[in-house]
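A.B. asks: Residue-level listing of the chains:
2 protein chains.
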Amino acid sequence: MSRVAPVSGFPEWAPEERIVERHVIETLRETFALHGYAEIETRAIEPLERLRGDSDAAKEIYALRRVLADPDEGDSGLGLHFDLTVPFARYVEEFSGRLTFPFRRYQIQKVWRGERPQEGRFREFYQADIDIVGRSGELPPHFESEVAVVMARALASLPIPSVRMHVNSRDFVEFFYRMLNVVDVNAALRSVDKLGKIGIEGVSAELRVQGVGDSAIEAIEVFSRSDPRDEKQMAWLLGSAGFSGFLGDFEDRRKALIALVDAINDAVPGVARADLGIARGLDYYTGVVYETFIEGHEDLGSICSGGRYDSLVAGGGYPGVGMSVGVSRLVSRLLSAGLVEATRSVPSAVLVAVVDEESRAASNAVARALRERGIPCEVAPTAAKFGKQIQHADRRGIPFVWFPGDPHEVKDIRSGDQAPADPETWEPPADDIWPRVERR
Amino acid sequence: MSRVAPVSGFPEWAPEERIVERHVIETLRETFALHGYAEIETRAIEPLERLRGDSDAAKEIYALRRVLADPDEGDSGLGLHFDLTVPFARYVEEFSGRLTFPFRRYQIQKVWRGERPQEGRFREFYQADIDIVGRSGELPPHFESEVAVVMARALASLPIPSVRMHVNSRDFVEFFYRMLNVVDVNAALRSVDKLGKIGIEGVSAELRVQGVGDSAIEAIEVFSRSDPRDEKQMAWLLGSAGFSGFLGDFEDRRKALIALVDAINDAVPGVARADLGIARGLDYYTGVVYETFIEGHEDLGSICSGGRYDSLVAGGGYPGVGMSVGVSRLVSRLLSAGLVEATRSVPSAVLVAVVDEESRAASNAVARALRERGIPCEVAPTAAKFGKQIQHADRRGIPFVWFPGDPHEVKDIRSGDQAPADPETWEPPADDIWPRVERR
Numbered sequence: 002m003s004r005v006a007p008v009s010g011f012p013e014w015a016p017e018e019r020i021v022e023r024h025v026i027e028t029l030r031e032t033f034a035l036h037g038y039a040e041i042e043t044r045a046i047e048p049l050e051r052l053r054g055d056s057d058a059a060k061e062i063y064a065l066r067r068v069l070a071d072p073d074e075g076d077s078g079l080g081l082h083f084d085l086t087v088p089f090a091r092y093v094e095e096f097s098g099r100l101t102f103p104f105r106r107y108q109i110q111k112v113w114r115g116e117r118p119q120e121g122r123f124r125e126f127y128q129a130d131i132d133i134v135g136r137s138g139e140l141p142p143h144f145e146s147e148v149a150v151v152m153a154r155a156l157a158s159l160p161i162p163s164v165r166m167h168v169n170s171r172d173f174v175e176f177f178y179r180m181l182n183v184v185d186v187n188a189a190l191r192s193v194d195k196l197g198k199i200g201i202e203g204v205s206a207e208l209r210v211q212g213v214g215d216s217a218i219e220a221i222e223v224f225s226r227s228d229p230r231d232e233k234q235m236a237w238l239l240g241s242a243g244f245s246g247f248l249g250d251f252e253d254r255r256k257a258l259i260a261l262v263d264a265i266n267d268a269v270p271g272v273a274r275a276d277l278g279i280a281r282g283l284d285y286y287t288g289v290v291y292e293t294f295i296e297g298h299e300d301l302g303s304i305c306s307g308g309r310y311d312s313l314v315a316g317g318g319y320p321g322v323g324m325s326v327g328v329s330r331l332v333s334r335l336l337s338a339g340l341v342e343a344t345r346s347v348p349s350a351v352l353v354a355v356v357d358e359e360s361r362a363a364s365n366a367v368a369r370a371l372r373e374r375g376i377p378c379e380v381a382p383t384a385a386k387f388g389k390q391i392q393h394a395d396r397r398g399i400p401f402v403w404f405p406g407d408p409h410e411v412k413d414i415r416s417g418d419q420a421p422a423d424p425e426t427w428e429p430p431a432d433d434i435w436p437r438v439e440r441r
Numbered sequence: 002m003s004r005v006a007p008v009s010g011f012p013e014w015a016p017e018e019r020i021v022e023r024h025v026i027e028t029l030r031e032t033f034a035l036h037g038y039a040e041i042e043t044r045a046i047e048p049l050e051r052l053r054g055d056s057d058a059a060k061e062i063y064a065l066r067r068v069l070a071d072p073d074e075g076d077s078g079l080g081l082h083f084d085l086t087v088p089f090a091r092y093v094e095e096f097s098g099r100l101t102f103p104f105r106r107y108q109i110q111k112v113w114r115g116e117r118p119q120e121g122r123f124r125e126f127y128q129a130d131i132d133i134v135g136r137s138g139e140l141p142p143h144f145e146s147e148v149a150v151v152m153a154r155a156l157a158s159l160p161i162p163s164v165r166m167h168v169n170s171r172d173f174v175e176f177f178y179r180m181l182n183v184v185d186v187n188a189a190l191r192s193v194d195k196l197g198k199i200g201i202e203g204v205s206a207e208l209r210v211q212g213v214g215d216s217a218i219e220a221i222e223v224f225s226r227s228d229p230r231d232e233k234q235m236a237w238l239l240g241s242a243g244f245s246g247f248l249g250d251f252e253d254r255r256k257a258l259i260a261l262v263d264a265i266n267d268a269v270p271g272v273a274r275a276d277l278g279i280a281r282g283l284d285y286y287t288g289v290v291y292e293t294f295i296e297g298h299e300d301l302g303s304i305c306s307g308g309r310y311d312s313l314v315a316g317g318g319y320p321g322v323g324m325s326v327g328v329s330r331l332v333s334r335l336l337s338a339g340l341v342e343a344t345r346s347v348p349s350a351v352l353v354a355v356v357d358e359e360s361r362a363a364s365n366a367v368a369r370a371l372r373e374r375g376i377p378c379e380v381a382p383t384a385a386k387f388g389k390q391i392q393h394a395d396r397r398g399i400p401f402v403w404f405p406g407d408p409h410e411v412k413d414i415r416s417g418d419q420a421p422a423d424p425e426t427w428e429p430p431a432d433d434i435w436p437r438v439e440r441r
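The listed protein sequences derive, respectively, from chains A and B.
Mapped onto the working numbering, the consecutive letters of the first sequence carry residue numbers 2 to 441.
Mapped onto the working numbering, the consecutive letters of the second sequence carry residue numbers 2 to 441.
Bound-form chain A, shown alone (with noise of 0.2 Å):
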């Protein structure tokens, strides 16, 4: 038998902790679910084929292999998904008959990346995403300030420091490369998309390395520092790309972006700024993109990404936007920063104390009677001492005993407080029915 160990990248967490972590993820369905989006689930297996994609770029996939295979049988062909975004764009294929579109969909499921174990990453988490796919043609634009707007509702209902949205337009910056004559426009995109990774001089490197020139490897430096309202540097970005003057089409992005950080603010103030910076690396990604930090905590890179999509599928069809945020990275954190923490480690409000052996059914009754009015609870698993029944709540945080009896007399442990109570009756302060999740 295998040692009982934790293993490298499958986090798990305490009684307390998950209650923490259910915490934030039903507090991301409650917001999705408001606003009208749908939950689905798909299974945890794609085809390996479909994993890989079109691209058959490596992956980090974990392959199913039956252990009880026939040797003729080979692999099982099929894999862990490794986001939501793959099994979703089957999923939309394969039910398009029984959706209507435009479909809003929330999904939120472990995914599972085949890391390597010393990398000390994980390995499974949570994902949470939000999307709404139409079936062809354009999606209309306002589609893009909403799921903005719903993702940063979300955020701002958990117990985390405020977030930032970082807004681009990645139709405005190709437009921009390819004013300055940049080749392959995706290659730069990817490598301005390193920018906290490997800095201002490891993107000009690899800029340079694509053929870019150096006059508009600043441009790029600059433009991707530059506040799109600034209308002075926009014309001194025009000029470095030997325009003078401004050029329709550029003033319709610049303008178009501008807006969509203007209407997600307008719902949600002050949470959305421009950043022609970012970029996301994944050419899937054809208009808007989002990235979220949260203050304070800048280091954990983007907690909520996502971006307009021309296609969904690979066939075409589906135009669509979505965010995903990364659940368990955002969990980790607050738990090991210490920043929020759960009121008890169980889901009991009131322990029912057990006088004898003999009169355990009166204590039962008392819990079924406070369970029938909603109120969580457990009883006694030994008639010991009222002492050491009181330390039994007190460990697990339960913070009322009862004491069946004649009258029945219920104790708040926190304070000391003893008085008689009905079991038909009484309640406990709304605030204490269920363990709460409370911000440090």
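I should point out that these hints are in silico values taken from the structure, not numbers from a laboratory.
Just so you know, these numbers come straight off a predicted model, no measurement behind them.
Don't be surprised by glycine CBs; every beta carbon is placed ideally from N, CA and C.
One or more hints might be untrue.
Derived lysine-lysine pairs resembling DSBU-like cross-links, with alpha carbons at most 35 Å apart [claimed, not checked]: (1) A/Lys256 with B/Lys389; (2) A/Lys389 with B/Lys256; (3) B/Lys195 with B/Lys256.
Pair by pair, the computed Cβ-Cβ distance ranges are [stated by the list, open to error]: (4) B/Asp76 with A/Glu425: 58 to 64 Å; (5) B/Gly54 with A/Arg226: 57 to 63 Å; (6) A/Arg226 with B/Ala366: 32 to 38 Å; (7) B/Thr426 with A/Glu50: 52 to 58 Å; (8) B/Ala70 with A/Ala6: 19 to 25 Å; (9) B/Arg179 with A/Ala431: 55 to 61 Å.
Sample of chain A residues at the chain B side, in silico, Cβ under 8 Å [as the list claims (entries may be wrong)]: (10) Arg19; (11) His36; (12) Gly37; (13) Ala64; (14) Glu94; (15) Thr101; (16) Lys111; (17) Glu139; (18) Asn182; (19) His298; (20) Arg372.
Given chain A, put chain B in place with the hints provided.
C.D. replies: Just chain B now, with coordinates in the frame of chain A:
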């Protein structure tokens, strides 16, 4: 790219079906939590050697292999868990310093079984488990009725026909088999456990191979069909085993079983019955065992089984009692038999119409006011003709359409009633706020 198709054994649901699955899961969860059970969630994987167990018996396990592994890295040594008991046992050992005992836990997660694809059985499915475990020594018998009562209440809260819980005592059965001089009591129990599958003749044949004599086989058959309250029958069985009069040890076990059934029925009238014919093949169980059937759907087999064990972990210690519901099998039957349906396919109770794109902000403001009072809603995707917007709501089962204006008006599209309404105060009927799951 692989074609888009279901993978046999990996069930998925349309959004309105997922509402049913979530309803089942949330109903179980709420009942468990009301009874003080704490939630845990374990990683999806365990070391393969732990999944195989001490017996090294062949199991239907999916092993994981990193697609990008270095040739010399070898297998990951990890496999997907096939139930929630193996991970729970490991979790209790690993977290024992952070848990309080007796520890009540519930766990609702997917499990995977590497069945042969052609067998048409689930290879990915939800289980919902509850267990109470002590740290060492004896667990008081009142926990045996507790888990059964919690499960009976949870199942009674679901939109399914009545359930019947069959209760047996392996201890009692084993004692009787030993009175009959059966040599391999566990083998005999495993055979009797197949009564439903291979019939009385199949069981007899197996017992004969095990060297059980004809009169003992007859006694075993009669015993398995007997009511332990039938004292005449019990006396006959004792006689057939060569004893006259009632033995104290036999009587203690018989009465303990009757007392347990009575305790369960005191809390949930009529749900439990003693059934000396169920055995649960697993050697793991050492005392009471449970199986649960849905009336009119006995062909599904037991939907909720469990029992008492002396030791959760291989090394000894952690005595407990638990039960497990096969959630996916249950949900699959509910859906395929058309027993239930969700009242709509999206969370939205209200579609806020859009008069024209210029006034979309006014529609957004209405939606926001409704959401702030907990009413899920969505805004129409385009400013189409109102007839088309009403159709948009109708196709999703959204009951209300809101027309912004002065005054605002809201239409119940089921009745056609339309009336002025204020976004700050209007309330739909409480039953319409969220999708409901109804028995058909």
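A.B. asks: Does each hint fit the structure? Answer for all of them.
C.D. replies: Here is what the structure says about each hint:
A threshold of 35 Å between alpha carbons decides the hint, and for A/Lys256 with B/Lys389 the separation of about 32 Å falls inside it, so the pair holds. This hinted pair checks out: A/Lys389 and B/Lys256 have alpha carbons roughly 32 Å apart, not beyond 35 Å. Straight-line distance between C-alpha atoms of B/Lys195 and B/Lys256 comes to about 26 Å, which keeps the hinted pair within the 35 Å bound. A beta carbon spacing of about 60 Å between B/Asp76 and A/Glu425 agrees with the range 58 to 64 Å that was offered as a hint.
With their beta carbons about 59 Å apart, B/Gly54 and A/Arg226 fall inside the hinted range of 57 to 63 Å. Range check, A/Arg226 to B/Ala366: Cβ separation about 35 Å, and the 32 to 38 Å hint holds. At about 55 Å, the beta-carbon gap between B/Thr426 and A/Glu50 stays in the expected band of 52 to 58 Å. About 21 Å separates the C-beta atoms of B/Ala70 and A/Ala6, a value consistent with the hinted range of 19 to 25 Å.
Roughly 56 Å separates the CB atoms of B/Arg179 and A/Ala431, a value that falls within the hinted 55 to 61 Å. Look at A/Arg19: its Cβ gets to within about 5 Å of chain B, closer than 8 Å, so that hint holds up. Interface hint status for A/His36: upheld, as the beta-carbon distance to the closest one in chain B is roughly 7 Å, under 8 Å. Hint status for A/Gly37 relative to chain B: holds, with the closest Cβ pair at about 3 Å, below 8 Å.
The criterion of a C-beta within 8 Å of any C-beta in chain B is met by A/Ala64, whose closest approach is roughly 5 Å, and the hint holds. Taking 8 Å as the C-beta cut-off, the interface hint given for A/Glu94 holds, the closest approach to chain B being about 4 Å. Evaluation of the A/Thr101 hint against chain B yields a held restraint, the C-beta minimum of about 5 Å falling below 8 Å. The beta carbon of A/Lys111 comes within 7 Å of a beta carbon in chain B, closer than 8 Å, and the hint placing it at the interface holds.
Interface restraint check for A/Glu139: the shortest CB-CB distance to chain B comes to about 11 Å, outside 8 Å, so the restraint is violated. With a least beta-carbon distance of about 35 Å to chain B, the hint placing A/Asn182 at the interface is violated under the 8 Å criterion. Interface hint at A/His298: violated, since its Cβ lies 24 Å from the closest Cβ of chain B, which is beyond the 8 Å cut-off. Using the Cβ-Cβ criterion of 8 Å, the hint placing A/Arg372 at the interface with chain B is satisfied: the shortest such distance is roughly 5 Å.
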